[in-house]
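Here the protein sequences come in this chain order: A and B.
Just so we're aligned, residue 1 is where the first sequence starts under the numbering used here, counting upward by one.
Just so we're aligned, residue 1 is where the second sequence starts under the numbering used here, counting upward by one.
A couple of the hints might just be wrong.
To be verified - Under the rule of at most 30 Å between Cα atoms (straight-line distance), these lysine-lysine pairs were calculated in the BS3-like manner:
no. : chain 1 : residue 1 : chain 2 : residue 2
1   : A       : Lys24     : B       : Lys111
2   : B       : Lys129    : B       : Lys89
3   : A       : Lys111    : B       : Lys89
4   : B       : Lys129    : B       : Lys111
To be verified - Here are some chain A residues the structure puts well away from chain B; computed CB gaps all over 10 Å:
no. : residue
5   : Ser6
6   : Leu19
7   : Leu73
8   : Pro96
9   : Val106
10  : Ser128
Because the hints were derived from the structure by calculation, they are not lab data.
Keep in mind it's a predicted model, so treat the numbers as computed, not measured.
Ideal Cβ placement from N, Cα and C applies to all residues, glycine included.
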Amino acid sequence: MPLDQSFTGRTYPPTPPYLVGREKIREFARAIGDLNPAYFDVEAARALGHRDLVAPPTFAIVVSLEAAHQVVLDPALGLDYSRVVHGEQRFEIHRPIQAGDEVNVVVIVEKIRSVGGNDIITTRGEISTVAGERLATAFSTLVARAPDEVPA
Amino acid sequence: MTLVNYADIEVGQPLPARSFPITRTDLVHYAGASGDFNPIHWNERFARSVGLPDVIAQGMFTMAIAARAVTDWVGDPGAVLEYGVRFTKPVVVPDDGTGAMLHVEAVVVDKLDDFRVRVELTVRSGDDKVLGMARMLLRLS
Numbered sequence: 001m002p003l004d005q006s007f008t009g010r011t012y013p014p015t016p017p018y019l020v021g022r023e024k025i026r027e028f029a030r031a032i033g034d035l036n037p038a039y040f041d042v043e044a045a046r047a048l049g050h051r052d053l054v055a056p057p058t059f060a061i062v063v064s065l066e067a068a069h070q071v072v073l074d075p076a077l078g079l080d081y082s083r084v085v086h087g088e089q090r091f092e093i094h095r096p097i098q099a100g101d102e103v104n105v106v107v108i109v110e111k112i113r114s115v116g117g118n119d120i121i122t123t124r125g126e127i128s129t130v131a132g133e134r135l136a137t138a139f140s141t142l143v144a145r146a147p148d149e150v151p152a
Numbered sequence: 001m002t003l004v005n006y007a008d009i010e011v012g013q014p015l016p017a018r019s020f021p022i023t024r025t026d027l028v029h030y031a032g033a034s035g036d037f038n039p040i041h042w043n044e045r046f047a048r049s050v051g052l053p054d055v056i057a058q059g060m061f062t063m064a065i066a067a068r069a070v071t072d073w074v075g076d077p078g079a080v081l082e083y084g085v086r087f088t089k090p091v092v093v094p095d096d097g098t099g100a101m102l103h104v105e106a107v108v109v110d111k112l113d114d115f116r117v118r119v120e121l122t123v124r125s126g127d128d129k130v131l132g133m134a135r136m137l138l139r140l141s
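Just chain B, same shape as in the assembly:
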């Protein structure tokens, strides 16, 4: 596994852009693994009854997937010191055989002391920016 070195990082450096498909099966799988059985994430009838356009992805699932754009790059997931997001728009996952696509871009925005760097993520589904203020603080080697 390649590990990213602090010395080689420059502010403004983009990380490899990533795209992740999300299907209903993924939402059910995540519900089971995480213990979040809120029906808005798997039951279309219920989602619509509470005013949602369709089933939406768990915010935590979107957050977890987006993190991969950074942890795959850095190699060691233990490098993550802080990770925060705002859930600005729901990721709607239709039951149409395709689902949704999450597009993740990330850039190094700050180099700090003690081998720490700050990364900002831009996460979109369709035309919507689905996460806001998405930032990760990492400690590199």
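Just chain A, with the same shape it has in the complex:
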């Protein structure tokens, strides 16, 4: 069933504040096998000009997950999440996320289209500190594959 086009342009309320902790940055960096000292050693991060441990470039996905769920799990949208694969992802980083940042995310539905029976939705997540400093913009495109299609 095609997605409800009227969702285009919809803005969801900001997510609850997420406090980025040093151990979460270290845990995420270990999980991606990335042992860059700027993720583990505060002095190494400071030597590079950061206030505290810096998060890997794709860490923004951790804080945007809940925001994205507001959209993709919204029953009114009608997305079949069991058939969803990630199509595209892009981050614009205005200032790297660092330990100690308290952030929230506002997610906006940018585009909804249907191609060959696949539903495609693009969202934009604006990640900011609760004080209003812009940190990153995350563009995500999700594809709900048509039920009879075997994925590539």
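Take the given structure of chain A and dock chain B to it, following the hints.
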């Protein structure tokens, strides 16, 4: 830590090629750290039931690993201004004691003002190009 200088960079310059193994354990570790518990990334029975050939890696995990080919080179991960990819083919991770191997090549494609450079990444697993339009914009010192 060595830092790459803008002045020393030339367009067309390749970055050191890198290869990264991916096992089922890595996918479970990433699921826990990222909060993405979609069973297609750890449950073979479920993956097959939705038409996938086997368990596949999280796209975001592949994206994160590929980034290391650039951030290890540049030194400061805070140099990344933009990073975007298309997930063109799934990275299938079999439970065979070996898993998958990700091969990452990167090249400087543009030198811009304000100490910025654009890098293009080519990311393969087996014969498949698994990321498309993989580009990073960096600000160097």
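These are the hints, each one checked on the structure:
1. Lys24/A to Lys111/B: violated (34 Å)
2. Lys129/B to Lys89/B: holds (7 Å)
3. Lys111/A to Lys89/B: holds (23 Å)
4. Lys129/B to Lys111/B: holds (25 Å)
5. Ser6: The assertion about Ser6/A holds, with a minimum of 27 Å to chain B.
6. Leu19: Its Cβ never comes within 10 Å of chain B, the nearest being 15 Å, so this holds.
7. Leu73: holds (12 Å)
8. Pro96: Answer for Pro96/A: violated, closest chain B Cβ roughly 4 Å.
9. Val106: Since the minimum Cβ distance to chain B is about 19 Å, Val106/A lies beyond 10 Å and the statement holds.
10. Ser128: The claim holds: Ser128/A sits with its nearest Cβ about 17 Å from chain B, beyond 10 Å.
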